[in-house]
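Using the sequences and the accompanying hints, generate a full structural model.
One line per chain: the protein sequences are Z and F, in this order.
Each residue of the first sequence is one higher than the one before, starting from 1 at the first, in our numbering.
Each residue of the second sequence is one higher than the one before, starting from 1 at the first, in our numbering.
One or more of the hints may lead you astray.
Straight-line distance between alpha carbons at most 30 Å, and here's what the computed DSS-like set of lysine-lysine pairs gives [said to hold, decoys possible]:
hint, chain 1, residue 1, chain 2, residue 2
1, F, K504, Z, K373
2, Z, K219, F, K902
3, F, K343, F, K926
4, F, K671, Z, K234
5, F, K289, F, K552
6, Z, K374, Z, K74
7, Z, K429, Z, K411
8, Z, K226, F, K841
9, Z, K226, F, K894
10, Z, K214, F, K841
11, Z, K234, F, K882
12, Z, K376, Z, K389
13, F, K552, F, K536
14, F, K770, Z, K234
15, Z, K79, F, K432
16, F, K902, F, K591
17, Z, K376, F, K671
18, Z, K214, F, K902
19, F, K882, Z, K214
20, F, K411, F, K536
21, Z, K226, F, K891
22, F, K657, F, K210
23, Z, K214, F, K889
24, F, K657, F, K770
25, F, K889, F, K720
26, F, K218, F, K268
27, F, K411, Z, K74
28, Z, K429, F, K500
29, Z, K234, F, K889
30, Z, K106, Z, K67
31, Z, K469, F, K249
32, F, K552, F, K841
33, F, K891, Z, K219
34, Z, K214, F, K894
35, Z, K376, F, K432
36, Z, K373, Z, K67
37, F, K720, F, K790
38, Z, K219, F, K889
39, F, K289, Z, K373
40, F, K671, Z, K389
The set of hints was computed from the structure by calculation and includes no laboratory data.
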Amino acid sequence: MDLENINSRRDFIKKMGAASLVAASTTIPSVSFLSCNSLARYASTADTVILLWMAGGMAHTETFDPKAYAPYEKGMESKRVLSTFPKVPTVIDGLFFSEGLESIGKVMDRGAIIRSYQSADLGHILHTRHQYHWHTCYEPPQSVQAPHLGAWIAKELGPVNPVIPPFIAIGQRFTVGEAEELKAFHSAGFLGTEYGPFLIPDPSTGLDSVRPPKGMTIKRFEARYKLYRELVDKSEIMQQGSGYQRTSLMRSMEQSYRLLNSPEAKVFDLSQEPKEVYDQYNTGRFGLGCLLAKRLAMNGGRFISVSTEYEPFLGWDTHENGHARAANMKSIVDRPIAQLISDLDESGHLDRTLIILASEFSRDAILEGRPGKKVKDQVEQPDIINDEKFYGMHRHFTDGSSVLLWGGGIKKGLVYGQTADERPCSSIKNRVVIDQLHQSIYHALGLHAETNYVIEGRPFYTTPDGQGKPILELFG
Amino acid sequence: MEDSWIWLFQLMGRLHVLIVHFPIGLLVMALVLEGLTLNGRRPGLKIGSYWMVYFGTIFAIIAVILGCLLRNFDDYSGALVQQHQNMGIATAALATGTVLILRATVTGRISTYNFYRSGLILTVLSLIFASHLGASLTHGEDYLSSALPLNNEPNDSEVTRLLAELKVRDSLNLDQLDELNLEVRAIIAHNCYQCHNDNKQKGELVLDSKRGFFQGGKSGPVIFPNDPQKSELYRRISLPAHHKEVMPKKGKVLKEHEVALIKLWIEKGAHWSDRAISVFPEAPLALEKPLLPEDSNEDHPVDQLINAYFQNNNYKWPGVVDDKIFIRRAHLDIVGLLPQPDKILQFVNDGRPNKRELLIDELLNDHTNYTQHWLSFWNDLLRNDYSGTGFITGGRKQITDWLYATLESNKPYDLMVKELVNPSEESMGFIKGIQWRGVVNASQRTEMQAAQNIGQSLMGVNVKCASCHNSFVSNLTLEQAYGFASIFADSTLELYRCDKPIGKFAGASFIYPELGSVDGPSVDRRLAKLSAIIVKPENGRLYRTITNRIWKQLMGRGLVEPVDEMDHLPWDNDLLDWLSADFMDSGYDLKSLIRQIMISKAYQLPSIDYDKVEDLRSDKFQFRGPLIRRLSAEQFSDAVSQVIAPVFYAAAYDPNKKGLSSRRIWHPEVKYDRSVLPDPGVRYFRNVFTISDSKIESAELLLSVDHSYTMYLNEQEVSKGADWRKVHRLDVKDYIVSGKNLIAIEGINEGSIANPAGILFAMKIVYTNKEEVLIQSGKDWQSTKVKPDKTWIRLQFNDESWVQVRDYGSSHWDKLIGFNFNQTGSEFARASLVRQHHFLKALGRPSRETVTTNRDDQATLLQALELTNGEYLNNVLEEGAKVWHDLHKNKSEKIVETLYQKALGRSPTIEEREVILSSLGSNPTKESLQDFFWSIILLPEFQFID
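Dropping the structure here:
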């Protein structure tokens with residue numbers, strides 16, 4: 001597909017239509033150990049979802065829900081610290097963000113903010129456990145493996161463009177601490193590996209995953225497949241007739257060959273972008289992840305997550321120097337996110353692309369866990385701050401945080417929910433839990449709230465017991 | 001609109017059902033008449049048929065209007081209703097169009113009747129489709145198909161029988177009333193519990209207890225004894241399938257005779273039986289060895305039973321597979337490896353009549369390879385792994401040492417179960433479960449995990465559902481599940497229903513109390529009791545469960561499916577019982593069970609492929625021979641290791657425990673005062689060691705660096721490398737001097753982002769007096785990231801500004817099997833011993849957070865991508881190509897022949913040889929060899945166990 005020419009909206013829709021036809025005709029018959037109650041779909045308002053994942057616990061009071069600013073003074077009391085940055089106005093009247101998020105503030109006329117997300121109460125904090133819960137909607141451990149949100153979407157809707165895997169996870173390595181716990185939810189669980197994530201830890205090398213092996217020319221790649229096919233055709237086992245096992249093997253090999261030999265692999269190639277665009281996004285791996293997400297969304301991605309990456313004590317997981325590190329994180333996410341929104345808006349894709357920004361929980365200077373349910377502190381915080389190292393949000397707070405949404409039918413300029421202005425800065429209005437977020441995403445995609453599969457004799461729903469409800473007020 | 005008028009619209013709407021038949025009759029008849037008048041015959045019929053079209057059309061329009069009224073005033077909804085409406089409107093429109101064409105034709109504006117005829121045909125087709133949808137709405141979508149033979153569910157006959165028997169009687173005795181009630185409750189359980197149970201209580205109605213039944217729901221009582229018409233329950237289940245109020249809401253409506261039986265029960269006074277219901281069929285616990293058929297020509301008991309089975313199913317024995325297929329199957333099934341070419345040849349030429357049996361015995365006696373193959377099966381079943389969730393927080397424990405030794409010594413299964421249930425320190429990982437940090441759902445507390453896992457893995461029963469609420473899939477109750485879990489708990493457990501405490505406590509008891517009591521004052525005592533009763537011969541279920549699993553492992557499909565639900569019926573009950581009893585008679589000898597199955601003719605039948613996965617799961621499955629199976633992730637990796645080049649050089653588990661204590665070191669990388677993974681780039685390392693004046697006899701060095709390095713010993717370059725998986729083994733005797741020596745290593749971490757890097761080093765120096773010195777990588781080494789001047793490889797270089805290295809631990813690298821001084825054993829690590837790896841994962845090795853008893857073995861796109869462009873496999877093939885190229889140079893023919901023998905156990909056919917040789921050419925390059933290898937290992941012939 002010629003990328004330069006796909007940028008007009010009409011063209012995009014035309015090609016997408018053609019692509020879904022191909023998808024319908026070439027997909028492997030899906031695993032049928034599972035049986036699903038067929039449920040009607042709603043009319044959808046989005047085809048593609050981009051999740052911007054602020055891994056490690058992003059403090060709402062330092063980002064999208066600023067409170068009273070307490071500038072650093074030697075000898076100040078910890079309990080005075082609610083926000084370590086002044087607030088700045090956004091394009092929406094009366095909506096203020098924390099300093100350093102001015103660019104995102106400028107695109108809030110195209111999206112909504114939920115200020116009252118409440119994380120689960122899982123006791124003693126473990127980031128990956130909350131992340132597991134956020135991404136699967138189920139608290140670990142579970143007696144069957146719960147699928148990731150992206151896997152549900154991949155299973156239910158399949159790819160938009162048949163050669164772009166329907167679930168792509170960008171930016172997270174699995175060699176860092178808590179790697180096994182991270183792997184546990186980057187999974188399609190019982191839905192089967194076919195719907196699992198296509199992992200791109202480093203967006204600048206994303207192309208490697210979708211082209212012939214390193215060092216192999218297209219010509220050689222084609223010759224190799226030709227040899228293979230000839231040997232298959234000549235082999236006795238294929239002449240004995242065709243059963244399920246043989247057909248599914250041959251079909252998967254052919255699909256894979258087509259995908260790797262397809263010109264659309266270019267979608268994964270960031271060097272195709274003009275230098276100014278590349279530079280605008282390039283604040284590091286996260287920024288380039290946003291650029292890749294943009295390219296994927298424009299060319300038929302289905303579910304794409306871009307993570308600031310979780311690595312214990314790094315990224316948003318600030319256990320010390322909270323102020324300085326939050327400033328750094330903001331400088332990493334602000335520009336590329338705003339650019340992503342405006343680029344997709346300009347190209348017309350934002351209408352059908354739902355973008356969500358979220359984090360597993362928030363942070364506070366003093367409270368660990370949530371009010372009334374104190375759990376074990378994981379970091380020392382002195383009552384009086386004599387060293388700037390202690391100035392910031394170093395403890396995990398689960399009672400209130402911000403979620404931002406753009407496009408895909410989301411009401412523009414909406415501010416939903418509220419947190420208290422004094423500590424504890426908990427959600428006090430329109431409290432939102434994870435089931436509602438998931439169902440809102442499914443709602444936008446037209447998926448029934450009670451979508452489920454029967455596993456080990458019982459129905460397993462997208463959200464526990466099929467009880468979750470979308471927040472309809474979010475939609476325009 | 002005033003409410004008082006609604007009845008009129010409702011009435012008119014309901015007339016739809018009457019009126020629709022008019023256009024059906026009229027328009028179809030008109031078409032028939034039109035056919036009769038073709039070619040100018042029977043002209044008298046013409047005019048009449050036109051009038052039929054006119055009237056038919058008018059009625060079609062009326063029917064559409066009434067249908068819309070019906071939909072709006074009688075609360076119909078759903079996709080089917082919408083489709084029916086659309087088709088109805090389309091029919092009316094087509095009919096109107098046909099009338100217009102007809103008028104035009106009759107008045108001469110159109111010169112041929114063909115347009116009219118086409119219009120009429122289209123109208124009638126649309127009409128038929130619309131009527132079909134309407135009928136589906138009224139009678140249910142399976143109305144027609146349910147009348148077809150072979151479409152009755154198993155317990156259906158019971159309902160029909162009971163209905164026929166009881167309907168005709170005026171009064172029923174207590175027994176009959178009981179029976180009637182129990183059957184009704186079974187129907188309710190299967191269809192209504194899901195929403196109307198104690199915790200869901202849709203409409204505040206609970207149907208899983210007597211109280212709930214008679215108390216009714218939000219809108220009052222649902223049962224009026226003796227009066228079905230007044231009973232809301234009856235009204236709701238007898239509504240048309242797509243009525244808005246019909247029950248059950250999810251899934252399909254009840255069958256007609258089920259509804260009739262419920263009606264009968266209410267008519268007869270809605271008696272409630274005190275007998276406990278077994279809503280779900282339960283397999284008997286006990287096991288008796290069935291008698292074998294007497295008049296069989298078969299020698300093997302399994303074959304005698306299969307013979308009877310085949311006779312019952314009118315199927316004749318096909319011939320057994322040839323020696324080549326058999327030896328490949330037997331090898332892969334027992335030791336998980338491909339047979340070597342010379343072994344195949346020898347076997348084929350072996351003239352002894354019992355050679356297949358001898359081969360099986362020989363393979364079963366290869367204890368190491370048997371263990372390393374079957375380990376994967378047991379790891380899946382017992383949820384044991386080398387890495388995974390729970391390890392970082394100490395919430396999990398491996399049982400690998402115990403399991404390996406158990407398999408190697410072929411420990412009797414009853415003893416094995418005892419040790420799992422009442423564990424030693426080494427085997428406790430199984431019942432310990434996985435504990436995440438923080439608060440967990442009550443149904444996932446570790447005691448409950450123990451109950452669930454023993455239930456699933458060992459007993460073939462699902463305790464998971466019952467651990468949250470009374471099960472909808474078995475007869476297990478919440479109380480039973482908690483009783484089971486209490487065995488493993490330090491204190492009495494309070495029952496939690498759907499994670500909410502209900503103020504009840506459970507005394508410890510096993511879910512099969514007939515086996516004996518498990519009461520005891522402490523966990524230890526209770527576990528001892530449980531382990532004693534669970535292995536009792538009376539507990540045939542334990543032995544059936546494992547027998548069925550082993551059968552599935554060897555034959556591709558269990559005697560019972562799913563293998564975790566042993567209450568399902570086997571396709572041959574006697575066969576399952578005979579094998580299980582024989583297994584017990586053998587002294588619970590797992591190898592004997594495997595042997596017994598594999599020496600049967602049944603195992604040696606040609607493999608069977610199937611059209612869809614559902615066919616395998618179906619109750620109607622019929623055994624015809626072993627299924628065609630795909631190589632497992634481990635079998636495939638090991639086969640590639642055997643044929644091409646090692647896929648794995650390092651293992652997470654080293655059964656021989658011979659590893660050296662050297663540490664993986666690298667320059668410390670710090671961000672925000674935290675140690676993090678090393679960035680890509682060059683780092684420099686130095687270590688000084690001292691040698692005494694004694695004479696050196698030998699000095700051997702082992703080195704592995706992730707990613708690449710150049711090593712200097714006393715200023716001289718001694719080694720270079722770029723693959724951490726290969727241990728560099730060097731004799732460095734000539735480089736060593738007495739006094740101080742310097743090791744200097746320039747290491748490079750590749751990649752584009754921070755990733756693991758490390759040096760693993762060991763050097764053994766032996767003096768002539770046999771004294772030994774061991775120099776290893778460790779924290780006493782120094783490093784820097786600042787490029788030093790070129791004198792850094794000299795002993796005198798000042799490295800004061802350098803820092804101490806960091807030990808990067810063992811979490812990123814498995815243990816290299818070649819990293820020891822007396823190299824013995826295999827050249828590659830068996831895939832069953834390596835930690836979970838993305839390559840194995842893509843091929844279907846499960847992450848063992850939960851028990852896995854069924855691996856998906858069909859091909860998927862992500863898997864094909866991994867095999868087609870995955871760097872991992874590509875590197876293996878590249879390495880193999882290099883080795884083969886060096887070994888065979890340009891002897892293409894030889895290469896093709898050898899590879900075919902090793903990989904497929906045969907010579908290539910003339911056609912195959914031609915195709916390959918024309919691709920390789922007479923002087924094959926490494927690349928062309930690599931591509932040839934790739935083509936072979938992806939052939940179905942290589943991928944499948946035929």
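Against the structure, the hints come out as follows:
no., hint, in the structure
1, F:K504 / Z:K373, "25 Å, holds"
2, Z:K219 / F:K902, "29 Å, holds"
3, F:K343 / F:K926, "29 Å, holds"
4, F:K671 / Z:K234, "58 Å, violated"
5, F:K289 / F:K552, "20 Å, holds"
6, Z:K374 / Z:K74, "28 Å, holds"
7, Z:K429 / Z:K411, "19 Å, holds"
8, Z:K226 / F:K841, "28 Å, holds"
9, Z:K226 / F:K894, "22 Å, holds"
10, Z:K214 / F:K841, "22 Å, holds"
11, Z:K234 / F:K882, "27 Å, holds"
12, Z:K376 / Z:K389, "21 Å, holds"
13, F:K552 / F:K536, "24 Å, holds"
14, F:K770 / Z:K234, "62 Å, violated"
15, Z:K79 / F:K432, "42 Å, violated"
16, F:K902 / F:K591, "27 Å, holds"
17, Z:K376 / F:K671, "25 Å, holds"
18, Z:K214 / F:K902, "27 Å, holds"
19, F:K882 / Z:K214, "16 Å, holds"
20, F:K411 / F:K536, "17 Å, holds"
21, Z:K226 / F:K891, "23 Å, holds"
22, F:K657 / F:K210, "62 Å, violated"
23, Z:K214 / F:K889, "24 Å, holds"
24, F:K657 / F:K770, "24 Å, holds"
25, F:K889 / F:K720, "25 Å, holds"
26, F:K218 / F:K268, "25 Å, holds"
27, F:K411 / Z:K74, "69 Å, violated"
28, Z:K429 / F:K500, "26 Å, holds"
29, Z:K234 / F:K889, "27 Å, holds"
30, Z:K106 / Z:K67, "20 Å, holds"
31, Z:K469 / F:K249, "19 Å, holds"
32, F:K552 / F:K841, "22 Å, holds"
33, F:K891 / Z:K219, "24 Å, holds"
34, Z:K214 / F:K894, "28 Å, holds"
35, Z:K376 / F:K432, "24 Å, holds"
36, Z:K373 / Z:K67, "23 Å, holds"
37, F:K720 / F:K790, "18 Å, holds"
38, Z:K219 / F:K889, "24 Å, holds"
39, F:K289 / Z:K373, "59 Å, violated"
40, F:K671 / Z:K389, "14 Å, holds"
When held up to the earlier numbered hints, the structure conflicts with 4, 14, 15, 22, 27 and 39 and fits the remainder.
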